[in-house]
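Trainee: Chains as they are written, first to last, in the working numbering: chain A, 1 to 381; chain B, 1 to 324.
In case anyone wonders, no lab produced these hints; they're calculated from the structure. Yeah, the Cβ is synthetic: ideal placement off N, Cα and C, and Gly gets one too. Please note that the accuracy of each hint is not assured.
[As the list claims (entries may be wrong)] Derived lysine to aspartate or glutamate pairs resembling EDC-like cross-links, with alpha carbons at most 20 Å apart:
| hint | chain 1 | residue 1 | chain 2 | residue 2 |
| --- | --- | --- | --- | --- |
| 1 | A | K82 | A | D10 |
| 2 | B | K117 | A | E177 |
| 3 | B | K235 | A | E177 |
| 4 | B | K168 | B | D108 |
| 5 | B | K106 | B | E135 |
| 6 | B | K154 | B | E130 |
[To be verified] Far from chain A, some chain B residues (derived; all Cβ distances over 10 Å):
| hint | residue |
| --- | --- |
| 7 | N10 |
| 8 | T30 |
| 9 | G58 |
| 10 | D92 |
| 11 | T118 |
| 12 | R151 |
| 13 | H197 |
| 14 | V240 |
[Stated by the list, open to error] Estimated spans, in silico, between C-beta atoms of each pair:
| hint | chain 1 | residue 1 | chain 2 | residue 2 | range |
| --- | --- | --- | --- | --- | --- |
| 15 | A | V345 | B | E27 | 50 to 58 Å |
| 16 | A | F294 | B | S180 | 53 to 61 Å |
| 17 | A | S114 | B | D189 | 34 to 42 Å |
| 18 | A | I93 | B | D8 | 57 to 65 Å |
| 19 | B | S180 | A | S114 | 34 to 42 Å |
| 20 | B | I144 | A | D37 | 43 to 51 Å |
| 21 | B | E74 | A | I120 | 51 to 59 Å |
| 22 | B | D166 | A | L22 | 25 to 33 Å |
| 23 | B | P238 | A | Y117 | 32 to 40 Å |
This is what each chain is made of:
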Amino acid sequence: MMFGDLTRNDKLLFLGFTIAALAMPLLAWPVGANYPDLLQKFAIYGIFAIGFNILFGLTGYLSFGHAAFLGVGSYAAVWMFKGVTMNVIPAVIFGVMVSGLFAALIGFVSLRRSGIYFSILTLAFAQMSYNLAYSVLTPITNGETGLQLRQDDARILDRMFVEQTEGLPSTNLFGLEMSGYPGFYFCCVLLIVAFFIALRIQRSPFGMMLRAIKTNQVRMNYTGFNTRPYALTAFIISGMYAGLAGSLLAVTDPLAGAERMQWTASGEVVLMTILGGAGTLVGPILGAGLIKYFENIFSSYNDSLLAESFSFLPDFLNDALVFVIGPFVGEGWSLLLGIVFMAIVIFLPGGLMEGLARIHGWYRGRGQGDAGRNVAKQAAE
Amino acid sequence: MAILEVKDVNKAFGGLKALNAVNLSVEEGTVHAIIGPNGAGKSTLLNCFVGRLIPDTGSVIFNGRSLLGIKPHEINQTGVARVFQTPEIFTDLSILENVMIPAFAKVDGSFRINAWKTVGTRGEVRDMAEKVLEEVGLQEKRDIIASSLSRGDKRRLEMAMCLVQDPKLLLLDEPTAGMSRADTNNTVDLLQRVGTHITKIVIEHDMHVVFSLADHISVLAQGTVIAGGKPEDIKGNPKVQEAYLGGRTHECRNGETGRNGSGAVRGRLFLLPGAAELLRRELYRSGRQLRCEAGRDPGIAGPERRRQDVDAAYHRAHGRSATA
Ligand SMILES: Nc1ncnc2c1ncn2[C@@H]1O[C@H](COP(=O)(O)OP(=O)(O)OP(=O)(O)O)[C@@H](O)[C@H]1O
Ligand SMILES: [Mg+2]
């Protein structure tokens, strides 16, 4: 019963997604994003966003502290590398489990409230984790420096079976080094698995209950459902997705720092999900990819690079353009992101997926108005 | 045998005694109507049955088991379903999903994670839902999103959501409020047709509905049951007439703005059959905005366009002008 009970549309959706994910290096080539470091980020933050969407898009609980689980996943994975083996499988499993446990704890407390109070509770917990990682928990997190590999780490299993070499060992999948394209394809396969699980959840009775909770929690209670454990399960699943993403960050670059848990990182996944389209399966991944892509481009620009790109223009125009655009690149990239985000929320509340659906709708049902649009919207989901 | 036994229930909101030593006994398999003027405490009483409110004192025994202090979902699982005064449905989901969800609650219980197989594999649940949709006449609209339904259809949907669970006790809080005459008749017809074995408690302002459905009527006024009995007995009961038409009763709902607050408030009239059916409906459909002046009895003005109609109707009903 892996595929048999999915509808034809869902099978096609999954097939299309798998092909697109595997062909990502090709697809990213025209926009110059086809290098493994960036592709890995697309896959990893895609996973993060899929998981976040299960809680926010499906269940309607807006967490502002999801980066905490990302951080916990990273720390757990790095500890596995340090203590047991540089093989990535145990690290990933451990990262997912630890963040799942952590999510159970935080979710249990935060879900006593809903709406804005829930959001604030999660934010508070994440900031607490961040501060703890910096201070009290230094023995576990190595404080400001961040948790790193060391020559003299225990690596129990590795020392038993693998010959030790000079220098820091690298993460590997049974000997295959997890950097460059192998690293990307490892993340990519997990992204596909993550997507498949999310698809199954969304189409299952459980997913239906989550959507019902989002729509009308009161009705759910008077309909005989105990909504709290449903929401908690969604919270834990979504925390585990974040933990998976966090441990993959450690797989591709084995160090973990507290800044990964900062509120800006929590905010980023909210932006990704809303930008792409909360509640849709593909939207959040799209949002994650776009944000990571543009962050990569814009944050590397500075005024002199800008001036260079516009050097074909007369001086005064060049100066004017640099003056206008300058504040939005480099450090100011988040300013640009903020503006784009506002525009999306105001004009396309359903995110990019709604935009695509509208285009599709116009294309298919020109003149049919709303009806055509709704059909298209459903198709897009 | 009494399926629901309510004894000496009291409930106060601040200084306001919403329920005052309410006693009620509902026989299994009957339709029990609760009538009474606006603000009498009818909805509050239902809230005490489903776990939304806990009475200050008193007991509510359903099927030999106390319902007090039990969570709403547990109460539902023991077989109590409720249609709310303002429809509580899943507005973002399709009609079919709206009905399948309560069916899942019935089949799978209050919490079960079945996150792997698709909804499509649960044909039995879908069949349950489709059957009820057929009964209430919504099967054609099963793929529509619930928010786009008309008011009457939303209520019908909520009823389907309750019926699909085949509850032992069905609570209906004004199931025909806001419906046209035709829709009201449909609803009455529906309630007489389906779930005939289900014990029902119906709160209703429309006397036509009450007298068509009820086996037993309890009259609630200012938090107290002032009369109870067979419909024939209630009709002629002078105490009941007094409660509705008597001097101190507010004839328009003195809602959120406070009991004696002045200004525009949502409102509607409640009158016994024959008294001013016309006026009641007129206000209901057109206005909703009644003015209720402090200390005046009962100062009413319809919305400007309808003002003459309202005045005329009121005059016919009471022999005096509505707007003093
Ligand atoms: N949660 C609450 N808090 C404070 N006061 C309340 C609350 N619920 C109801 N009341 C008050 O209790 C009284 C009874 O209200 P209730 O809603 O039970 O009346 P009702 O008989 O259902 O009236 P209607 O026919 O208008 O629905 C009203 O005066 C109302 O304002
Ligand atoms: Mg009421």
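Trainee: Against which earlier hints does the structure fall short, listed by number upward?
Mentor: 1, 2, 3, 10, 11, 21, 22, 23
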